[in-house]
Amino acid sequence: MSLRFNRRSLMRGLLGGAGVCVGLPALDTFLNGNGTAYAEGAKLPTRFGTYFWGLGLTDTPTGGTRWVPKTTGAGYEITPELASLKSVKDKVSVFSGFRVIGDGRPNLVHWSGHASILTGIAPAGSTKFDGPTFDTKIADAIGGGTRFKVLDVDASVSRKPVSYSTRTGNSFATSETTPLALYERIFGEGFQDPNSDNWKPDPSIMLRQSVLSAITEQRQSLMANVGKADQVKLDQYFTSLREMENQLAIGLQKPEKCEACVVPPPPKEPHRSASVDVVNANTKAMAKMLAMAMACNQTKVFNFVHTAGSSETYIAGDSKIYHQITHDEPTDAKLGYQPMTSKIAGMVMQAFGDFLVEMDAIKEGDGTLLDHSLIMGFSDTGYAKIHAIENIPMFLAGGANGKHKAGQHIAAKGESVTRISLTAQQLVGAPVGEFGAGGMKTSRPITEVMA
Amino acid sequence: MATKAGLVCATLAITALLGAATFTTTTPSPVWAQASTPLAPVKVGVRRITETQYRHTIADVFGADIKINARFEPEKREDGLLAVGSSHLSLTASGFEQYFALASSISEQALAEPRRATTVTCAPKDVRKTDEACARQFVGRYGQQLFRRPLSEAETAARLKTASVGTQQSGDFYAGIKLALTSLLMDPDFVFRMETAEADPANPRAYRLDGYSKASRISYLLWDTTPDAELLAAASSGDIHTSAGLHKQLDRLVASPRFEDGARAFFADMLQLDGFDNLIKDPATYPKFNQAIADSAKEQTLKTTIDLLVSKKRDYRDLFSSNETFINRYLASVYKVPYSSSNEWAPYTFSESSERAGILTQVSFLSLFAHPAGSSPTRRGVKVHEIFMCEPTPEPPADVDFSKVQDSSKGTVRGRLLDHMENTGCTACHRRSDPPGLALEHFDGLGQLRTMENGARIDVSADLDGKKFEGAQGLAKYLRDDPKIPACLVRNVYAYGVGRPTDERDEDYIADQTAAFASSGYVLPSLMAQIASSPEFFKPVIPRLASPSAAAKPL
Amino acid sequence: MRYSTGTAIAAFVLAAAFPAAASAEWTKTWVVEWNEPAMYYGAKSGVIDPGTDCPKGTNPDIDWVQIMVNAGYTREEATWLRNPANPTRSPVHGQNQMAFRGKDRANVYINPTSTPDPGLTPVSGTTGEGVDLDGNTKNGFTGLGGEKGIDNNFYRTLGCWKTYRGPQRLSSGALQFNDAMRNGSWTTVIVATGKGADPMNDKDVKVGFYMSADKIVKDGNGGVALDYTFRIKPDAKYEALYTARTQNGVIASTAPSDVMLRDPSYSQDLDLLRARISLKMKPDGSLQGYVGGYRAWAPVYKGWVDARGPVIEALTWVQLPGVYYALQRNADFSPTGPAGEKTHISYAMRVDALPAFVMTPDGGKQVTEIASYKASAPPPSKPSATTFTVIDGLVPDRNAKVQAGPTAIILPPTVAPTSAGQ
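Residue numbers (the numbering used here), protein chains in the order written: chain A, 1 to 451; chain B, 452 to 1006; chain C, 1007 to 1428.
Mixed in with the good hints, there may be bad ones.
Derived BS3-like pairs (lysine-lysine); straight-line CA-CA distance at most 30 Å [to be verified]:
1. B:K787 / C:K1109
2. B:K928 / B:K764
3. C:K1221 / B:K787
4. B:K754 / A:K160
5. A:K284 / A:K441
6. B:K754 / B:K928
7. A:K268 / C:K1221
8. A:K160 / C:K1224
9. C:K1209 / C:K1380
10. A:K128 / B:K527
11. A:K228 / B:K764
12. A:K334 / A:K128
13. C:K1050 / C:K1243
14. C:K1201 / B:K754
15. B:K787 / C:K1209
16. A:K160 / B:K527
17. B:K518 / A:K160
18. A:K137 / B:K527
19. C:K1239 / B:K612
20. B:K518 / A:K268
21. C:K1388 / B:K787
22. B:K612 / A:K200
23. A:K320 / B:K527
So, partial list: chain B residues that the calculated Cβ filter (under 7 Å) puts toward chain C [unchecked claim]:
24. K739
25. R780
26. A783
27. P789
28. S793
Per label pair, the in silico range of CB-to-CB distance [stated by the list, open to error]:
29. A:D197 / C:A1219: 55 to 63 Å
30. C:I1116 / A:D197: 55 to 63 Å
31. C:N1145 / A:D277: 51 to 59 Å
32. B:A552 / A:W199: 37 to 45 Å
Honestly, the hints are just simulated from the structure, not real lab data. All residues carry an ideal CB built from backbone N, CA and C; glycine is no exception.
All chains, full assembly: derive it from the sequences and hints.
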């Protein structure tokens, strides 16, 4: 069974257009004069990613903040906890004041915040989401045509792999949790270097396809007489099977050359520890690999977790973990904020800055990978001390192929976080007109940042 | 969702009528079902097999020397048990890749030249061509062992097709059946434990679990592996539905040394020992900690538990007070005792002064439920309630006023926690969850004994529900006398075996089983056999069916 | 030069000191986590910087071309020999021809006196580490705590040599061998027992150093983990027993012992005559101090030769014959009496040890008395073979067309320049 697509379906169906690095060769007549885009104006493929970190950023009891810039609009000033974004400031929009509107549902600590951002629905229970996360919708819309529909990555060195991406609300994706595991997944067995001159179709791929077809033939009888809940699980199984079939089909086609693609050497594994320095080092190493994976057209969508919502990270040698400090540490009378908490928040944000810098380091076409991507950065909470789900820090980074008017600070006190989620979906071209439920239902994206 | 018209038009008329009903927990069919129409089989359970179940199955079916090198999907704990959480899990895309690579590797090994002769008992007429008879025999034999039931003709035919494609392309019969085997190993019927309910011949309007599903349930409960040939035979002959037949199998399984595997898997789940897979400790604070210590701690707890409850058949409650355990050279350094044996593991009895007695003073419990660089009375207390008393602690409220909490970096952890308890938002939960943990404060975040903190002797007195106790020994006595302890074990065995959370409808059943457990002297093997022979253990829960049009959706 | 009790009397004292003993009042046990020659480093930073011990820094690098010219080779030959193209030079084992620079092209490694003494800069400082071996506070170094009379001529002789010089735990020689030990190559355990009530001040103390077959376990920071259990392995050679006393937590020998320890060096045997210990029991339970004694110096020299002369000379900037002459010159002890040849030189080893459990050889109980286990030891095994065979300080290349030696032709024939050495 092979993926059926032709130029027509590319033009019509695959949003984000087809670029220089996709299965079919690009005929010159379709490119515009600069060789940068298809004549109809569709751009090079847009990539999308989510970047999550736990425990928000620091506010103060008197209504102050260590992170929200004082000015709004373009040219916002870099505040202490945003220091790591300085070098990519013009490519990052900052959103402050947005909140979760729970419609009476309790604030489930370290859960309701990002559940609402990702699904648009305030969750009822703290072990599941009440709907699919929107990154899966984006993956369905723009993730086709590459070996992986999406890559899920977790740098946090937690007890179990952390992921907040789900189609069912009940079971979440399985993230790669070490730089080496991520490397193996992308560049290990099954990787076909797009720039290699020795490409030959691999006959074993068709054999593997026949292994899968013996199962898909049974799908109907498997799904018969199955309860609703069980059907959901089997559906997920077959979705995963389909993604494997897609990988195999892509593997049978000669890949187009990707100039920016350079296979990196395998990374060294750091000593296993959940301390901030190690998690940050992981983040940097994994960012490099994710960026190169996208430059080599292995995926267009990713989900990245720096630390989980109830983060267990700590400063090496310290007996208290960051989470405990956010609650325990008193506000310093002179400074007016929690100094240790703010310091660690800055260290955590350093990883986000490093992440974006790695994305920006890859030259692609007439810009960088970051220019052709949109990354939504967000956390589970605003002011962690009180589990606030107001003023949850959120960012949109990257040019989205020119669609994102980046570099602005948008302050909107009391507005729903789903407005940003909706904006993100529209910026990457997902066909979405509204997002969210109840008090968080919105059809108003933040047009100020949309070109 | 299909419309009513769609339902009526569906060919599966009975299932359509059932689809209109809500969850039923009893077996009688809805009143409006037509008396003469037989009930169609229904899948009542789809549970992904765990890593240990996967490994045990492959070892049983192909041999213990097959190497299994893969990353298994993470499990999810629900209601305190992974076995309950597994009923929500499926395969993610990256998980599918891993399992596919693993299935290919297993087939490769099983059909590699030297062991081919044992794996394949028939010989193809021409090794370079397809041989349907031999392939059929191969697929049938392994299909039955892997699917835990005989294959249908359609399932077999699909594999024969795959095998023939493979043989034609490669010119090798064995390459062909290798693909067929991979396909069996990737099939949902292997990766998931499918449980089916059929019409009960004794009461045609009721459902019962079919024989193969019953065989599966008891095999996974008691041996943590796929049903063996004798169990499958008891299922196919119908023996397993009779009381005598069922008891024969239960007695056989409980008496076997393999019962240890089942008990191990159960306790690894109940005691949440999967936390060791990725446990991190801060090397500056606990330099002794490394993966060898983590693995050893887990093994110590399992060895001790099995020895006490299975080999010696002692009273379950002794688990909290017995000072007899097993240690190895690594653990000896954490317990700070000499290791006086040349074997890898040796029995060890802790002295009175060591303050160690019972499972709560083992490195496993103490280090799992603590911080990377410190102890945590709250975490330990919460887990004592959750694991041993089946009392989960609710989430902290979001609106706790932390501004009132004063951080004191002087004094002890206990002192700071008691400060928290002055806070009205915190007291309600903390005065229940913290006391067991406070009694364990003589053990640090790695489980090492320490009696002083910041220059002061650590106070390990605690007060729970009006009862006062002191230290680990005091806590052990408190737990031993608490009736919730055995009741919780009963509940856990039942929930683990049926793969479902329990609720107030199970209260009477659990009370009865707990009484039986008590009269057996709180002996674990009796408890498991007793539960597995009770009708409630096999009662199918008929789900609301998916709409037929959904089932027929094309790929 | 000799201690007041003669050797014979010392032996008697030893025998009397270790009868089948009853259990002691206290026992403390440790595992050695670091041991290195006690070479005091007198500079403030670095590893080879000039300091009070060696004002010019470590021994300087050597102009080998000139050395060969001095030995009678032509400059052209000498330059050619230092060129990697020469067939008698192996990238791994060095330039074998270097050996043949003695009189009549004798092999200077096995015949060091065939070449004049090139000299070896000794330590010129007055601070040194170790133990007072001869009871004479007027000779020797001043210790770190101001103690007078520290006897350590080994340090005086070799302390400026690159391979020995450096701050604690940072000299190249020490690093290499302790790494091997800490990764499981060998284990030494220490047991101390006393009859008194206070271990810190006890007049009747016995100490034993023993081998163990149980490997050292490293902790999460790369150090050695505490509180592991080690079983004594009876060894025919490596065992050291001392009589001592403790004062303010320092264990010091009250009589000399003749002992053998596992040396952290190429020559694995460290046999010390008139050995004495000075070990401090620290508040955190660890043990730190010195074992001093007179060691035979010729095996030390031979150990370096057997580590491949050309390699040692090139890497550690030394002429090996200079080491020979210097050791001979500074040897300060003769086991046969003051008139005898001074075959031994005063020496001290720094020892650091961490708390550990030590068990009897059968593993059954903790050790509570100091006894000798030599009688139950298997015969001594040969040191494990290295991957290469050293003969006369060289590793000959069997496949080479040209072999190094007194009559070796150095320069290639001028007729065919491209076929040289192939």
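Each hint tested on the structure:
1. B:K787 / C:K1109: violated, 63 Å
2. B:K928 / B:K764: Roughly 20 Å separates the two Cα atoms, so the pair holds.
3. C:K1221 / B:K787: holds, 17 Å
4. B:K754 / A:K160: Given that 30 Å is the threshold and the Cα spacing comes to 24 Å, the pair holds.
5. A:K284 / A:K441: Between K284 of chain A and K441 of chain A the Cα gap is close to 35 Å, so the pair fails against 30 Å, i.e. violated.
6. B:K754 / B:K928: holds, 22 Å
7. A:K268 / C:K1221: At roughly 27 Å apart (the allowed maximum being 30 Å), K1221 of chain C and K268 of chain A satisfy the hint.
8. A:K160 / C:K1224: With a Cα-Cα distance of about 27 Å, the restraint between K160 of chain A and K1224 of chain C holds, given a limit of 30 Å.
9. C:K1209 / C:K1380: Given that 30 Å is the threshold and the Cα spacing comes to 27 Å, the pair holds.
10. A:K128 / B:K527: Between K128 of chain A and K527 of chain B the Cα gap is close to 11 Å, so the pair holds against 30 Å.
11. A:K228 / B:K764: violated, 42 Å
12. A:K334 / A:K128: violated, 42 Å
13. C:K1050 / C:K1243: Outside the cut-off at roughly 39 Å; violated.
14. C:K1201 / B:K754: violated, 41 Å
15. B:K787 / C:K1209: Within the cut-off at roughly 29 Å; holds.
16. A:K160 / B:K527: holds, 9 Å
17. B:K518 / A:K160: holds, 24 Å
18. A:K137 / B:K527: Given pair K137 of chain A, K527 of chain B holds - Cα atoms ~24 Å apart, limit 30 Å.
19. C:K1239 / B:K612: violated, 65 Å
20. B:K518 / A:K268: Given pair K518 of chain B, K268 of chain A holds - Cα atoms ~26 Å apart, limit 30 Å.
21. C:K1388 / B:K787: violated, 36 Å
22. B:K612 / A:K200: OK: K612 of chain B and K200 of chain A at ~26 Å, within 30 Å.
23. A:K320 / B:K527: holds, 27 Å
24. K739: Where the cut-off is 7 Å and the nearest Cβ of chain C is about 5 Å from K739 of chain B, the hint holds.
25. R780: holds, 6 Å
26. A783: holds, 5 Å
27. P789: holds, 4 Å
28. S793: Holds. Min distance 5 Å.
29. A:D197 / C:A1219: 55 to 63 Å: holds, 57 Å
30. C:I1116 / A:D197: 55 to 63 Å: holds, 59 Å
31. C:N1145 / A:D277: 51 to 59 Å: holds, 53 Å
32. B:A552 / A:W199: 37 to 45 Å: violated, 22 Å
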